[in-house]
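Based on the provided sequences and hints, a complete structural model is requested.
For our numbering, count along the sequence shown from 1 and bump the result up by 442.
No lab work stands behind these hints: they were computed from the structure. A few of these clues could be false.
[Claimed, not checked] Dumping the calculated DSS-like pairs for lysine-lysine here, alpha-carbon to alpha-carbon at most 25 Å:
(1) K781 <-> K491
(2) K498 <-> K618
(3) K671 <-> K744
(4) K781 <-> K460
(5) K963 <-> K932
(6) K671 <-> K505
(7) K460 <-> K777
(8) K781 <-> K818
(9) K1011 <-> K959
(10) K985 <-> K927
(11) K957 <-> K984
(12) K959 <-> K1028
(13) K1011 <-> K985
(14) K959 <-> K976
(15) K932 <-> K1040
(16) K914 <-> K957
(17) K671 <-> K491
(18) K596 <-> K529
(19) K914 <-> K976
(20) K985 <-> K957
(21) K932 <-> K1011
(22) K1028 <-> K1011
(23) K818 <-> K787
(24) K1040 <-> K963
(25) K1028 <-> K984
(26) K814 <-> K781
(27) K959 <-> K932
(28) K1008 <-> K929
(29) K914 <-> K959
(30) K543 <-> K528
(31) K498 <-> K529
[What the hints assert, rightly or not] Restraint ranges, calculated between C-beta atoms of paired labels, are given here:
(32) N793 <-> L480: 52 to 58 Å
(33) R730 <-> N578: 33 to 39 Å
(34) L480 <-> M819: 55 to 61 Å
(35) R750 <-> Y718: 15 to 21 Å
(36) P639 <-> I488: 55 to 61 Å
It should be emphasised that the depicted structure is a prediction, and the values quoted were computed from it without experimental measurement. Even for Gly, the Cβ is constructed at its ideal location relative to N, Cα and C.
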Amino acid sequence: MYNDKIRFLFKNMSLRTKLLSSYILLIVLPLLILSFTLYYYFSDTIYKKVVLSLQKNNEQIIKNIDTFLMSLAAISEFPYHDIELKKILRKDYSEYSDSLKEMLSDVDKANSILYSNIFRLNSLIGSVTVIPNNMNYVFNVSVIPSYTVAYPDKNSEWFEKIIKGDGRAVIFGIHKDFLQKEDGLNVISVCRSIVEPFTGEVLAVIVLNVRADKLPILWEDVSITPESKFAVIDEANNVIYGNNIETTGLNLSNIYDFSEDEILEGKNLILINGEYHCVNAATSSYCRWRVISLTPRNELLKEITHFREFTVFLCLILILFSIGLSALISSGVTKPIFKLKNTMKVVENGNLNITSDIYGGEIGELSISFNKMVSKMRNLIDEIYKQESEKRNAEIMALQSQINPHFIYNTLNTIKWMAHIQGSKGIVTALDSLIQLLVFASKINSRFITIEEELELLNHYLNIMNLRFFNKFTTEYDIDQNVLKYKTLKFILQPIVENAIIHGFGDSQIQGRIKVKVALKNNTIEYIIEDNGKGMSEETIKKSLTDEHDDSEKKFNKIGLYNVNKRIKLELGEQYGLNIISQVGKFTRVTIITPIIK
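Take a look at the structure:
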């Protein structure tokens, strides 16, 4: 009964509602399962990585400490390598009449040697003391303010430990400076006895002191959690450095409420003051110092807590996004049907410029077929319009072609002979030039003509323009006769000259002058047309070479500077063409470069 109701409800749902319900069920449920699974997996991973990171920090600090102490041990060998210092340590002062003076002189000399060499090897060294065996004085240099030393007790425990080292480096953890007269600073020391290689005699003891408060520079590049309790302890479990400055110099057992055995057993969690801490320790194999960090477990879990909050937030966002996406998808399935129907109604009302932009699936196939049908209808109508337009143009051209070009030539010849009979020589010259121009333009169909023919065409044109402008300008020719036989594009000079006449002299009162020069230059042919007209600005020059349109109704033909330049580049190559130089009110020079065409 219950199942029947569910089936009845589902059956009577709209298509969009059915799709929306299905999408939400299929997306949200797996998303929730995946989110919780990932949370528990990554929580464990994050915790282990944080603990590992803390351990690596400790190991890096130990590595830095070992490197530092090894460098001090190497520096403590300095007396072996300095000839002058070894000479002083081997000296027998009983052989000198004034042994005290000689000792004090050598003390000063030794201090100078130590100061100029030791401190530049390591900037953390606070003081260097050499205790010679052949005098009751010490060599001492220091960068610690107000640092004074006393001659040590050679029977003291620390001194005997150095001697027993038999020339090896002896490292002392945190302690009060052995050599200061009063209660000294907390320092760590690297010492060794200087032994005669051949006899085994102890020549001296060297002590390198480093202030404990200078050591943090060794781990300043290591990230330490602020909430962690951090300590560097020496071999005797005394704190060399702790992030609580008051713990420095104290024994570890007096500070923390746990036993050393718990650390040695490798326990990861230790209960301190009722709170669990994660313990990480690293031990130096060189000096047996250790680095211990104690981090509250709650601090380690902070990142996991943030991750949990982020996971819940992200899960909610994804659920909302999934619901929205499901609504969009279900709408996207039903929407194309209504969209295609509306498009068909637009076409039905006579608008053939619309297309259906629905693609994919069965609705998409229907949309493509509809677009093809509309496109065919549109093309058919365009074809009818095109045919009608071509028909009208053909009728006009047929009418124009009824005028015989020979009739124009014959009529102009008749007018020329009538002018000749009446003694009008200027009209005769102009008509003759016009006839030659018409004949030239209509009979030569080739794109290329000889330079001689191009100049002849230019000369006929200039005859007509001189008559039109009442000899307002003169023309000078400078033609290399060797170029006349070469070929060039038709009508490349006449538009340039025409531009000079109309725009250079047209509305000016000056006496114009046009120079035409053609010559060979660097395996090319150079044409130069220069006039003394009103010139052009840079903007006008740029426009004339980029603007295809021109005031053609004033000209002999429709070829302007733009077309001349474009024709040359298209026909002969991009490296050829026009170059215009002009100065307003003074001149314009147009240079044309073309290849040699035989």
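Status of the hints after comparison with the structure:
1. K781 <-> K491: Outside the cut-off at roughly 55 Å; violated.
2. K498 <-> K618: violated, 31 Å
3. K671 <-> K744: holds, 17 Å
4. K781 <-> K460: Cα-Cα ~21 Å, so holds.
5. K963 <-> K932: Holds - the C-alpha atoms of K932 and K963 are around 21 Å apart, at most 25 Å.
6. K671 <-> K505: Answer holds: K671 to K505 is near 20 Å, not above 25 Å.
7. K460 <-> K777: holds, 15 Å
8. K781 <-> K818: It holds: about 21 Å lies between the C-alpha atoms, which stays within 25 Å.
9. K1011 <-> K959: Cα-Cα ~21 Å, so holds.
10. K985 <-> K927: Cα-Cα ~34 Å, so violated.
11. K957 <-> K984: holds, 23 Å
12. K959 <-> K1028: Holds, because 19 Å separates the two Cα atoms, which is no more than 25 Å.
13. K1011 <-> K985: holds, 17 Å
14. K959 <-> K976: holds, 20 Å
15. K932 <-> K1040: holds, 15 Å
16. K914 <-> K957: holds, 14 Å
17. K671 <-> K491: Within the cut-off at roughly 19 Å; holds.
18. K596 <-> K529: holds, 23 Å
19. K914 <-> K976: holds, 14 Å
20. K985 <-> K957: Given pair K985, K957 holds - Cα atoms ~24 Å apart, limit 25 Å.
21. K932 <-> K1011: Roughly 14 Å separates the two Cα atoms, so the pair holds.
22. K1028 <-> K1011: It is violated: about 29 Å lies between the C-alpha atoms, which goes past 25 Å.
23. K818 <-> K787: Since the Cα atoms of K818 and K787 sit roughly 18 Å apart, the hinted pair holds (cutoff 25 Å).
24. K1040 <-> K963: The hint holds at about 16 Å.
25. K1028 <-> K984: holds, 18 Å
26. K814 <-> K781: Holds, because 17 Å separates the two Cα atoms, which is no more than 25 Å.
27. K959 <-> K932: holds, 17 Å
28. K1008 <-> K929: holds, 18 Å
29. K914 <-> K959: holds, 20 Å
30. K543 <-> K528: holds, 19 Å
31. K498 <-> K529: With Cα atoms ~47 Å apart, K498 and K529 exceed 25 Å; violated.
32. N793 <-> L480: 52 to 58 Å: holds, 54 Å
33. R730 <-> N578: 33 to 39 Å: holds, 35 Å
34. L480 <-> M819: 55 to 61 Å: holds, 57 Å
35. R750 <-> Y718: 15 to 21 Å: Since the Cβ atoms of R750 and Y718 sit about 19 Å apart, the hinted range of 15 to 21 Å holds.
36. P639 <-> I488: 55 to 61 Å: For I488 against P639, whose Cβ atoms are near 57 Å apart, the range 55 to 61 Å holds.
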